[in-house]
Amino acid sequence: GALVYQYPRRTICKSGTSMRMECQAVGFQATSVAWYRQSPQKTFELIALSTVNSAIKYEQNFTQEKFPISHPNLSFSSMTVLNAYLEDRGLYLCGAGGYAEQFFGPGTRLTVL
Amino acid sequence: GEQVEQRPPHLSVREGDSAFITCTYTDPNSYYFFWYKQEPGASLQLLMKVFSSTEINEGQGFTVLLNKKDKRLSLNLTAAHPGDSAAYFCAVSDSGYNKLTFGKGTVLLVSP
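First to last, the sequence lines map onto chains A and B.
Under the numbering used here, the first residue of the first sequence carries the number 529, and numbering increases by one thereafter.
Under the numbering used here, the first residue of the second sequence carries the number 4, and numbering increases by one thereafter.
If you're looking for bench data, these hints aren't it; they were derived computationally from the structure.
Mixed in with the good hints there might be a few duds.
To be verified - Only some residues are given here: those of chain B computed to face chain A with a beta carbon under 8 Å:
| id | residue |
| --- | --- |
| 1 | Arg10 |
| 2 | Ser46 |
| 3 | Phe92 |
| 4 | Lys102 |
| 5 | Leu103 |
| 6 | Phe105 |
| 7 | Gly106 |
| 8 | Gly108 |
For glycine and all other residues, C-beta sits at the position ideal for the given N, C-alpha and C.
Model the full assembly from the supplied sequences, consistent with the hints where possible.
Below is the structure:
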């Protein structure tokens, strides 16, 4: 079956430092990967959508300079939160899409001290 | 872009009662519709995916209704039980199916 793994599941970083998270698709080809953030007590906001062979598209309020994303093949993507601050804490979800399906990983929960 | 409004933000019902959550969306080209359940501290669990061509969809213990004319999507939990207590999110995507727009969520509490 199709599975999406995310690493790490939980992480803590100091304010002003950076952390990298990964998304691994197993059992299907992830032609698109969408990264979402759920801040505390809020809904899921799309950060960016990466489609193979296309430029990564960032949503308003999110930039490549802050959230650089790599999507080098059909099974893997990574995103870094650069210079993390308190407002960056939350659950980061990876949604990996194939044809007419999208599967979510379990998320990476980021705490910023 | 697409905007999704979800109501109510909080809902408390007694065990055995129904719980009704509704979302309205703006983009008439929306094609796929989803309901997710999120338990505390956990990720998203897909309850149901609805295509734009279907209007009534029954799951295990719940019904999802899609009204394309009113651009309204609803989730009705029939005979709710305490295990249904969680946050529920609707989400909408176009036919490209790559990008989901989520509602703000409904926190449901089912008391014994």
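Hints, verified against the model:
1. The beta carbon of B/Arg10 comes no nearer than 13 Å to any beta carbon in chain A, farther than 8 Å, and the hint placing it at the interface is violated.
2. Residue-level restraint check for B/Ser46 holds (minimum Cβ-Cβ distance to chain A is 4 Å; threshold 8 Å).
3. Interface hint status for B/Phe92: upheld, as the beta-carbon distance to the closest one in chain A is roughly 6 Å, under 8 Å.
4. A least Cβ separation of about 5 Å between B/Lys102 and chain A falls short of the 8 Å threshold, and the interface hint therefore holds.
5. Interface hint at B/Leu103: satisfied, since its Cβ lies 7 Å from the closest Cβ of chain A, which is below the 8 Å cut-off.
6. Contact between B/Phe105 and chain A, as hinted, is supported at the beta carbon level, the nearest pair being about 4 Å apart and thus within 8 Å.
7. At its closest, the beta carbon of B/Gly106 sits 6 Å from a beta carbon of chain A; the interface hint therefore holds under the 8 Å criterion.
8. A least Cβ separation of about 5 Å between B/Gly108 and chain A falls short of the 8 Å threshold, and the interface hint therefore holds.
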